[in-house]
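Based on these hints, arrange chain B on the given structure of chain A.
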Amino acid sequence: MLALADGERHGYAIAREIDAVTKGAVRMGPGTLYGTLQRLVASALVEPSHAPHRSGDDPRRRYYRLTARGRSALKTEIDRLATVVSVARRRHVLDTPRPEAV
Amino acid sequence: MSARRSAAQASHAARAIARMYPASLRGAHGDEIASFVDDLRGDARYGPGIVGRVRLLVHLARDLIAVRVPATGRTRLPLGEPPRRERRLETLAHDARLALRGMANRPAFTCVAVITLMLGIGANTAIFSVVSAVLLRPLPFPHAERLAVLWATNSTNRQLLASIDGVNDWRARARTFDDIGIVRTQSVNLTGAGTPDRLVGSFVTANSLTLLGAHPALGRLFVPPETEKGTGQAVAIVSYGAWRTRFGADRRILGRTLVLNGRPHVVVGVTDSAFTDPFGADVWLPITSAPNQNWFQRGTASVWAVGRVRDGVSMDRAQRDLSAVAAQLAREYPATNAGSGALVIRLRDWLVGTVRPTLLIVLAFVGVVLLIACANVANLQLARATRRRREMSLRAALGAGRSRLVRQLLTENLVLSALGGAAGVSFTVAQRTHEVGIRMALGARRSDVTRMVLVQGGRVVLVSLAFGLVGALGAGRLIRNQLFGVSAADPVSLLGVTLGLGLVALAACYLPARRAARVDPMVALRAE
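Protein chains in written order, with our numbering: chain A, 76 to 177; chain B, -17 to 510.
Next comes chain A alone, as it looks inside the complex:
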């Protein structure tokens, strides 16, 4: 969903974006990607865009964008994660552990 935050994208572009953001740690194939999109569309968090195709674009592609509900759910989830991260920071969970003197 984060990959759709700054505008609509087609499936392959979403996979590339996720690949780039996670520095190659998450590489989605067509099956996992469209399976996820199917679930997101069914939950009305994402919708296919009906904008006309760009010239020179592969006509088989479909573009997807966040719905208002999706954008709100994304914001809620990121807020929740931000809270978790800030709690973790306050408790120094993210600090590099130093060897303790005996």
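A portion of the hints provided could be inaccurate.
Claimed, not checked - Distance windows between CB atoms, simulated:
no., chain 1, residue 1, chain 2, residue 2, range
1, A, Val101, B, Val33, 21 to 31 Å
2, B, Leu353, A, Pro123, 49 to 59 Å
3, B, Val94, A, Asp132, 36 to 46 Å
4, B, Ile97, A, His167, 48 to 58 Å
5, B, Leu353, A, Val160, 47 to 57 Å
Said to hold, decoys possible - Take a look, some chain A residues computed to stay more than 12 Å from chain B by CB distance:
no., residue
6, Thr97
7, Leu120
8, Arg140
9, Glu152
Hints in this document: simulated from the structure, not taken from any laboratory.
The C-beta atom is built at its ideal place from N, Cα and C for all residues, glycine as well.
Relative to chain A, chain B alone:
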């Protein structure tokens, strides 16, 4: 194979994988998936060389497994309480899923192990099927162990042609044989029926065909007067194979006249599909149709014979009997038979001949190759087992018993072996498409071919089971020092899992078997 061709095949395989996604996904996103795969093929990481293409295949295969083999909710570690009977199948399915996902996550290990097993199993299946057909399976003739091929000998040579009169004398005087029939194969020219052709002709007496157990599919076999000097008739019998391939399986062939060696012969029968002539004849003619009438002079060595030894008589005794008859004939006809003896060779020994030791050596050789393959895979597994101590000790800490862990490792090994086995059998089937085509052209039904491949696959499954069981118990011992005070192996569940997975592995062989059965004989034979 050129790199370009390999890359093209990998692209083809990529599209094939894309077609294996669930129908629900293909229905809603088919075009998009195709476009996605095309984009991936254009991606610098996945092309254009063979390495890139293989990387693409691995990526798609992992994706396919992730979609087809869904994770069971949260990662559930198998716990230690002995699973109840009704949960065993669920546990088995869980283990198999775990094994598949584990293999998808380690594509290099999986590829190496599967290819190693594939080559070992493929070579063994191919050679073993030859050995089994040639050395182990009984010959397809009635009383095959009593059938012998009879030859003349002289002081320097074994296995010489005999004269027709000589064989008739053997038949009349030898007491250890039920019957002896004359055989001589020679190519014959077929003219007057479309394109002229050369067929393998066999000049015989009527009893030769009955000795070999031939039955007619159409018409009849020869009757004795038709093949005897003086009463011989210009008749012919066509083999089932030649009838299908050369005469288009035309049922009106009976009564038709074939011009063989320039002489018209009336077809009186077609042998049935189960009959295989050990001498490879396409068409049988009476010995009286011999291309050269000199054959009938006592001094002319022109034929050999096939005989059936009486029940309870050994080949050695039959040999002594026939030698005595030959010595008697040498005294009676010194001008033509002096120094001439007789040789009795069991039909199987004559057919297999010098191939037996060679085949056994090749079998031993590929057996060693399979052992090496198994040892390699076992090494790979052991290397992984040391890396997986942490995972295993965590499971043991959560209460998994030794039998539970062994069962999981057994499942992993069996899934791997089943994949290797299926790949090996597929490899063999691909190599034997031509043979399957011939079998089907000769009348083998699809169910026969499927059964043939399944029986061969079954042997592979047995080897896999033994290998999987030994591997799992070995790995279980290796990690035993990680397990504190846990239950001993449960023989009932181990046996149950072994049987269940054996069936699964056998089912894996069903795919190549079905593929073999779908071979179109016309296509397979045309490829030659």
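Evaluated hints:
1. A:Val101 to B:Val33: 21 to 31 Å: Roughly 23 Å apart at Cβ, these two residues keep to the hinted range, so it holds.
2. B:Leu353 to A:Pro123: 49 to 59 Å: Given about 57 Å between the Cβ atoms, the range holds.
3. B:Val94 to A:Asp132: 36 to 46 Å: holds (41 Å)
4. B:Ile97 to A:His167: 48 to 58 Å: Roughly 49 Å apart at Cβ, these two residues keep to the hinted range, so it holds.
5. B:Leu353 to A:Val160: 47 to 57 Å: Distance hint for Leu353 of chain B, Val160 of chain A holds at roughly 55 Å.
6. Thr97: holds (15 Å)
7. Leu120: At about 17 Å from chain B, Leu120 of chain A clears the 12 Å cut-off, so the statement holds.
8. Arg140: Fine: 15 Å to the nearest Cβ keeps Arg140 of chain A off the interface.
9. Glu152: holds (19 Å)
Hint violations for this structure: none, all hints satisfied.
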